[in-house]
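**Q** Sequence:
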Amino acid sequence: MKAMQALGRLKTGELNKTEELYRAHLEKRRMAGEVAWYQFEPFKLVLAPKTTYSPDFLVQLASGHLEVHEVKGYWMEDARLKIKFAAEKFPIFKFIAVMKVDEGKNNDPSWKMEDF
1 MKAMQALGRL KTGELNKTEE LYRAHLEKRR MAGEVAWYQF EPFKLVLAPK TTYSPDFLVQ
61 LASGHLEVHE VKGYWMEDAR LKIKFAAEKF PIFKFIAVMK VDEGKNNDPS WKMEDF
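The sequence shown finishes on residue 116 if you use UniProt numbering, and the numbering steps up by one all the way, no holes.
Check each hint, because a few of them may be wrong.
[To be verified] Result set (SDA-like, lysine to any residue): computed pairs, CA atoms no more than 25 angstroms apart in a straight line:
#: 1; residue 1: 28; residue 2: 89
#: 2; residue 1: 89; residue 2: 51
#: 3; residue 1: 112; residue 2: 64
#: 4; residue 1: 50; residue 2: 96
#: 5; residue 1: 112; residue 2: 31
#: 6; residue 1: 112; residue 2: 91
#: 7; residue 1: 94; residue 2: 53
#: 8; residue 1: 44; residue 2: 89
#: 9; residue 1: 50; residue 2: 78
#: 10; residue 1: 89; residue 2: 77
#: 11; residue 1: 82; residue 2: 103
#: 12; residue 1: 44; residue 2: 78
#: 13; residue 1: 82; residue 2: 51
#: 14; residue 1: 100; residue 2: 25
#: 15; residue 1: 11; residue 2: 23
#: 16; residue 1: 112; residue 2: 14
#: 17; residue 1: 17; residue 2: 82
#: 18; residue 1: 17; residue 2: 73
#: 19; residue 1: 72; residue 2: 34
#: 20; residue 1: 84; residue 2: 15
#: 21; residue 1: 50; residue 2: 76
#: 22; residue 1: 72; residue 2: 82
#: 23; residue 1: 72; residue 2: 30
#: 24; residue 1: 44; residue 2: 62
#: 25; residue 1: 84; residue 2: 18
#: 26; residue 1: 84; residue 2: 108
#: 27; residue 1: 44; residue 2: 54
#: 28; residue 1: 84; residue 2: 48
#: 29; residue 1: 72; residue 2: 40
#: 30; residue 1: 17; residue 2: 64
#: 31; residue 1: 94; residue 2: 38
#: 32; residue 1: 94; residue 2: 54
[To be verified] Just the calculated beta-carbon pair ranges, DEER-fashion:
#: 33; residue 1: 37; residue 2: 16; range: 19 to 29 angstroms
#: 34; residue 1: 51; residue 2: 110; range: 13 to 23 angstroms
#: 35; residue 1: 88; residue 2: 31; range: 16 to 26 angstroms
To be clear, the hints were calculated from the coordinates, so they are not data collected in a lab.
Computed from a predicted model, the values in this text were never measured in an experiment.
We put the beta carbon where it would ideally sit given N, CA and C, even for glycine.
Starting from the given sequences, assemble the full structure and let the hints guide the process.
**A** Right, here's the structure in full:
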């Protein structure tokens, strides 16, 4: 299990490799007109005293709807519980878990989405 965990945290505002690939995916969707706007680590949501959740991306679709996208290479159970709780507490957002499935042509990965 430890081998799957990151060796250290990146500085605030720095994207890991999977998040960078997903940012490129969002940018393609923005250029295609599907996404109006997105931002990496836009805010922290307070779930309980001393418990916060920092979404990876806030995405505004062309329709105006807001989605929170959480990008994971692997899901730890505590992270899954946190996003489920956040989705219940903040129903104004649609919460979506995003996992890279495989590398496609030209290293353009495909993504598996799970709604919460």
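**Q** Okay, which hints does this one fail, numbers in order?
**A** 1, 11, 26, 30, 34 and 35
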